[in-house]
Amino acid sequence: MSFKQNIVHHYHQLINDKIVSLTNALNDLRESSKNETKSSAGDKYET
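Number 25 in this note's numbering belongs to position 25 of the sequence shown; there are no gaps in the numbering.
Bear in mind the hints are in silico, worked out from the structure with no lab data behind them. Values in this document were obtained by computation on a predicted structure and should not be read as measured data. Even glycine gets a Cβ: it sits at the ideal position worked out from N, Cα and C. Do not rely on the hints blindly, as some may be mistaken.
Said to hold, decoys possible - Computed spacing ranges between beta-carbons, pair by pair:
| id | residue 1 | residue 2 | range |
| --- | --- | --- | --- |
| 1 | 14 | 34 | 26 to 36 angstroms |
| 2 | 3 | 34 | 43 to 53 angstroms |
| 3 | 4 | 34 | 39 to 49 angstroms |
| 4 | 3 | 35 | 42 to 52 angstroms |
Put together the whole structure using the sequences plus the hints.
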């Protein structure tokens, strides 16, 4: 592999790793939003 190909491969791998990391974070946020309950402020008029 040439020097240029090594650099492209390296950055391609870094970008793929970042995509995986961000996808996992997004999935975690989606799951946590599903499990969130109402705050006490949201229950003010629901008595």
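Each hint tested on the structure:
Separated by about 31 angstroms at the C-beta atoms, residue 14 and residue 34 satisfy the suggested range of 26 to 36 angstroms. With their beta carbons about 47 angstroms apart, residue 3 and residue 34 fall inside the hinted range of 43 to 53 angstroms. Between residue 4 and residue 34 the beta carbon distance is about 45 angstroms. The supplied range of 39 to 49 angstroms therefore holds. In this structure the supplied range 42 to 52 angstroms holds for residue 3 paired with residue 35, their Cβ-Cβ distance being about 49 angstroms.
Checked against the numbered hints above, the structure violates none of them.
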